[in-house]
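Protein chains in written order, with this note's numbering: chain A, 9 to 167; chain B, 9 to 167; chain C, 9 to 167.
The set of hints was computed from the structure by calculation and includes no laboratory data.
Don't take every hint at face value.
[Claimed, not checked] Partner residues are not named here, just some residues of chain A that face chain B (Cβ under 10 Å, in silico):
{"hint": "1", "residue": "F25"}
{"hint": "2", "residue": "A27"}
{"hint": "3", "residue": "F28"}
{"hint": "4", "residue": "A33"}
{"hint": "5", "residue": "L37"}
{"hint": "6", "residue": "M40"}
{"hint": "7", "residue": "P59"}
{"hint": "8", "residue": "R86"}
{"hint": "9", "residue": "L89"}
{"hint": "10", "residue": "V96"}
{"hint": "11", "residue": "G100"}
{"hint": "12", "residue": "L112"}
{"hint": "13", "residue": "L116"}
[Said to hold, decoys possible] DSSO-like cross-link-like pairs, simulated, lysine-lysine; straight-line CA separation at most 30 Å:
{"hint": "14", "chain 1": "A", "residue 1": "K54", "chain 2": "C", "residue 2": "K73"}
{"hint": "15", "chain 1": "A", "residue 1": "K72", "chain 2": "B", "residue 2": "K72"}
{"hint": "16", "chain 1": "B", "residue 1": "K38", "chain 2": "C", "residue 2": "K162"}
{"hint": "17", "chain 1": "C", "residue 1": "K73", "chain 2": "B", "residue 2": "K73"}
{"hint": "18", "chain 1": "C", "residue 1": "K54", "chain 2": "A", "residue 2": "K72"}
{"hint": "19", "chain 1": "A", "residue 1": "K38", "chain 2": "A", "residue 2": "K54"}
{"hint": "20", "chain 1": "A", "residue 1": "K72", "chain 2": "B", "residue 2": "K54"}
{"hint": "21", "chain 1": "C", "residue 1": "K38", "chain 2": "A", "residue 2": "K38"}
{"hint": "22", "chain 1": "A", "residue 1": "K38", "chain 2": "B", "residue 2": "K73"}
{"hint": "23", "chain 1": "B", "residue 1": "K162", "chain 2": "A", "residue 2": "K73"}
{"hint": "24", "chain 1": "A", "residue 1": "K73", "chain 2": "B", "residue 2": "K54"}
{"hint": "25", "chain 1": "B", "residue 1": "K72", "chain 2": "C", "residue 2": "K73"}
{"hint": "26", "chain 1": "B", "residue 1": "K162", "chain 2": "A", "residue 2": "K38"}
{"hint": "27", "chain 1": "C", "residue 1": "K54", "chain 2": "B", "residue 2": "K73"}
{"hint": "28", "chain 1": "C", "residue 1": "K72", "chain 2": "B", "residue 2": "K38"}
{"hint": "29", "chain 1": "A", "residue 1": "K72", "chain 2": "B", "residue 2": "K73"}
{"hint": "30", "chain 1": "B", "residue 1": "K72", "chain 2": "C", "residue 2": "K54"}
{"hint": "31", "chain 1": "A", "residue 1": "K73", "chain 2": "C", "residue 2": "K72"}
{"hint": "32", "chain 1": "C", "residue 1": "K67", "chain 2": "C", "residue 2": "K38"}
{"hint": "33", "chain 1": "B", "residue 1": "K72", "chain 2": "C", "residue 2": "K72"}
{"hint": "34", "chain 1": "C", "residue 1": "K38", "chain 2": "A", "residue 2": "K162"}
{"hint": "35", "chain 1": "C", "residue 1": "K162", "chain 2": "A", "residue 2": "K54"}
{"hint": "36", "chain 1": "A", "residue 1": "K73", "chain 2": "C", "residue 2": "K162"}
Don't be surprised by glycine CBs; every beta carbon is placed ideally from N, CA and C.
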Amino acid sequence: RRGKMAKSTQLIDNEVFRAFATYAAIVLLKMMLMSLITAYFRLTRKAFVNPEDAASYGKGEAAKKYLRTDPDVERARRGHLNDLENIVPFVGIGLLYALSGPELSSALLHFRIFTGARILHTFAYLIPLPQPGRGLSWAVGYAVTFSMAYNVLKAAWLL
Amino acid sequence: RRGKMAKSTQLIDNEVFRAFATYAAIVLLKMMLMSLITAYFRLTRKAFVNPEDAASYGKGEAAKKYLRTDPDVERARRGHLNDLENIVPFVGIGLLYALSGPELSSALLHFRIFTGARILHTFAYLIPLPQPGRGLSWAVGYAVTFSMAYNVLKAAWLL
Amino acid sequence: RRGKMAKSTQLIDNEVFRAFATYAAIVLLKMMLMSLITAYFRLTRKAFVNPEDAASYGKGEAAKKYLRTDPDVERARRGHLNDLENIVPFVGIGLLYALSGPELSSALLHFRIFTGARILHTFAYLIPLPQPGRGLSWAVGYAVTFSMAYNVLKAAWLL
């Protein structure tokens with residue numbers, strides 16, 4: 009198995025790339041989880057936005073009362089959008105960073121802090137924790153991505 | 009031409025990577041198409057959100073009536089956001105999966121089912137089809153991405 | 009340093025890939041900047057969406073008046089979402105394009121026009137400039153991404 013992969017591409021044999029693959033997959037799965045959380049709140053709170061989604065709860069006028077917004081649904085949706093705004097730059101910049109030849113220890117530090125910060129951010133948003141809990145977890149993830157971007161630009165320009 | 013590419017990078021010579029490049033480009037173009045659909049509905053329904061966009065339809069108070077929401081515009085926007093939420097994980101996890109050395113036949117199966125499911129999802133959202141049409145097409149794409157993430161984590165940890 | 013990177017991966021030694029890394033990092037950082045602009049407007053306009061964010065400005069009923077929408081906040085948020093809708097396809101398709109073996113001069117042309125167009129788009133959105141300023145800058149970025157996708161599909165199919 010290893011021989012075949014080494015033939016097809018060496019990237020997965022690179023320790024830093026393998027670390028990136030692991031943490032990028034974890035944060036992207038975490039982001040995908042937000043869809044299920046939103047769906048859970050829509051179904052339990054009976055709060056839909058599409059008439060065809062509310063149709064199974066009643067016909068005509070009876071269904072219309074389920075076309076409404078719900079605070080829990082909106083909160084989960086904001087958490088999902090915040091993930092998109094922050095996890096997309098992490099995955100894009102993180103891939104370039106992983107390919108720029110960083111030390112494995114530095115790379116693991118970046119990937120692990122980001123992943124931890126975004127998991128905390130989700131809890132802080134959904135529970136919700138009082139500020140500055142959510143703000144700090146957001147800022148830590150932001151700073152990690154910024155640090156990786158700095159390393160990418162340095163590597164791309166100084167080579 | 010081939011020789012030059014092989015020198016610059018072997019990735020595009022990898023059959024799985026080439027399949028990924030094809031389907032990733034197709035679903036990203038499909039996602040970009042949502043911008044044109046939203047713009048089409050905004051122009052034909054005369055429903056804008058920015059005052060400077062409505063300005064060409066009238067001056068002052070006359071333009072204000074075009075600053076409104078429209079069900080078709082909002083539906084296209086929701087379809088676009090759902091694409092972002094689902095196609096971003098597919099592209100990120102799919103790239104890692106393509107580089108993890110899967111069999112070409114498995115990879116093609118993943119990429120083709122996802123692409124087909126997302127195209128169906130767009131039709132189900134815009135027509136709209138009665139549920140569970142849209143829900144099922146969403147779930148199929150979600151499951152494919154989950155399966156690729158499982159393979160990435162297995163490959164990254166077991167090597 | 010160079011030797012070590014060359015050993016870990018040759019990608020960063022590829023001139024086109026290095027150009028892509030530079031411009032992708034720049035547009036992703038520009039997109040991340042939208043979070044700070046939104047936060048700036050939320051704090052200066054005192055317009056929040058989460059009760060826990062408004063809590064530091066007053067207790068109970070006093071805080072509720074800060075749970076409101078503000079035109080500047082909403083404008084920055086729309087600019088951020090538009091970045092997600094356009095920069096995500098650029099990064100995904102641009103990576104595939106960079107790995108498909110284009111001429112360096114063509115690649116630089118694509119990357120630089122896109123980056124310039126998206127920076128103009130942000131100014132056009134936030135100032136705001138009268139139309140078609142924002143519309144044109146959006147269309148230029150869209151066309152560049154489309155051109156890269158065409159080259160990716162041509163390279164993936166014709167090899």
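### Query
Given the hint that K72 (chain B) pairs with K54 (chain C), does the C-alpha gap stay at or below 30 Å?
Distance of about 25 Å is within 30 Å: holds.
### Message
Given the hinted pair K72 (chain C) and K38 (chain B), is their Cα-Cα distance within 30 Å?
### Response
41 Å, violated
### Query
Going by Cβ atoms only, is M40 (chain A) closer than 10 Å to chain B?
Holds, about 5 Å.
### chain B contact restraint on A27 (chain A) - CB to CB distance below 10 Å
8 Å, holds
### Query
K162 (chain C) and K54 (chain A): Cα distance at most 30 Å?
Not OK: K162 (chain C) and K54 (chain A) at ~47 Å, beyond 30 Å, violated.
### Query
Does the structure keep K38 (chain A) and K73 (chain B) at a Cα separation of 30 Å or less?
41 Å, violated
### Message
Restraint: L89 (chain A) near chain B, CB-CB cut 10 Å. Satisfied or not?
### Response
8 Å, holds
### Query
Straight-line Cα separation of K162 (chain B) and K38 (chain A) no greater than 30 Å?
17 Å, holds
### Task
Sort out whether K38 (chain A) lies within 30 Å of K38 (chain C), counting only the CA atoms.
24 Å, holds
### Query
Hey, does the A33 (chain A) contact hint survive, CB to chain B under 10 Å?
Where the cut-off is 10 Å and the nearest Cβ of chain B is about 5 Å from A33 (chain A), the hint holds.
### Query
Is K73 (chain C) within 30 Å of K73 (chain B), Cα to Cα?
27 Å, holds
### Message
Tell me if the straight-line CA distance from K73 (chain A) to K72 (chain C) falls inside 30 Å.
### Response
26 Å, holds
Taken one by one, the earlier hints fail for this structure at numbers 8, 12, 13, 18, 22, 23, 28, 32, 35, 36, listed in ascending order.
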